[in-house]
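Enquirer: Chain by chain, the residues run as shown.
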Amino acid sequence: MARRDTPEINAGSMADIAFLLLIFFLVTTTMDIDAGISRKLPEKQPENVEPPIIKQRNIFEISINRNDDLLVENEYKKVEDIKQMAIDFIDNGGKVGNPIELFGETEGTECTWCEGAKAEDSSDHPNKAIIAIKTDRSTKYGTYIAVQNQISEAYSFLRDRLAQKEYGRKFSDMVKEDKNNKINPDQSLKDKIKRIKAMYPEIITEQNN
Amino acid sequence: MSKFSKKKKGLPPINTASLPDIVFMLLFFFMVATTMRETAILVKNELPSSTEVKKLSEKRLVSTIYVGAATNTPKNADAPDLIQLNDKIASVKDVRNFIYNERQDIPLAEQSAMTTLIKSDVNSTVGTITDIKKELREINALKVTYATRQKSERK
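Which chain is which? The protein sequence lines are P and S, in order. The working numbering applies: residue 37 is where the first sequence begins, and numbers increase by one. The working numbering applies: residue 19 is where the second sequence begins, and numbers increase by one.
Quick caveat, the hints were computed from the structure, so don't treat them as lab data. Just so you know, not all the hints are guaranteed correct.
What the hints assert, rightly or not - Calculated pairs, DSSO-like style, for lysine-lysine (alpha carbon to alpha carbon, straight line, at most 30 Å):
#1 P:Lys131 <-> P:Lys113
#2 S:Lys161 <-> P:Lys228
#3 P:Lys76 <-> S:Lys152
These numbers were taken from a predicted model, which means no experiment stands behind them.
When you get a sec, could you build the whole thing from the sequences and use the hints?
Expert: This is the structure we're talking about:
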């Protein structure tokens, strides 16, 4: 049997083909991962429900008008001021709070982890402290998000501080680790996160005129 | 000069045999690391920036609503906010059906984990967003994320 030499295939254009595919994928795909500020909407209430009566000192009021001016606790403020004011308000810890189910409490106790001023005219307890945002229909979305971001920063500052004290690490790092542990969830870490969240729960209400 | 004349004339050709391999490697990287663009955005979409962001990893469970003025409006002009669902401009009333539609593809056990991502332009008004949120409340789609760009520094 005579062996015939197969001619070598010219692979010179292989690179061109690969480049073509590469450029196609570069154009048609995106790399951005969706990220943003997460919020939970309140459940739909049946009509004619009496809203619960809440003491004025437990409400931190932020109003934004149609010109994007801010009124925080009846004072004219800038967006950057909100974070510190919110921290002071949430962390005040003047009196007893609502009982925390997670700790098996039946009666409200004082906030032992708060470092606030314990003022008479500020919030009783982090789980009673309500942040109320009032907006106008024509308020700019950008301003609204900036305010939401300030509030989130305030809460994560307090949670980070508490986690640092209790467990010697930042709350945000704990959450990150928990997210990476999808295959082997660490139950004790989850419990710790739950505990911190119960000690500084995010309570935000919104009203739009 | 005899030293120099000994050298071959001209440069030897560069071996490009490994070029396809390199390009293929790049290609595979992009294929794995990126996702397909699903919709053409018909509204202005300059996202606000914030420092406290949470990433949404499960793309499957996210339904996106775009809000903003029409793309062709001139700068600084006042234009009404439009709502874009999938590839079409829609009204607030359509949000309900849009979410129902998205729910159909998701198994019942995971439906509670579904999130609505509101991608809204910085210059749109809160009123439009409130209308959307009202609709979402009606159909019990309570998890909402406001899409933002991440600002790295914390003030």
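Enquirer: Evaluate each hint against the coordinates.
Expert: Verification of the supplied hints:
1. Only pairs whose Cα atoms come within 30 Å are accepted, and lysine 131 (chain P) paired with lysine 113 (chain P) is accepted, the gap being roughly 27 Å.
2. Proposed proximity of lysine 161 (chain S) and lysine 228 (chain P) is supported: the alpha carbons are some 23 Å apart, at most 30 Å.
3. A hinted pair counts as satisfied when its Cα atoms are at most 30 Å apart, and lysine 76 (chain P) with lysine 152 (chain S) qualifies at roughly 13 Å.
In this structure, none of the earlier numbered hints is contradicted; all agree with it.
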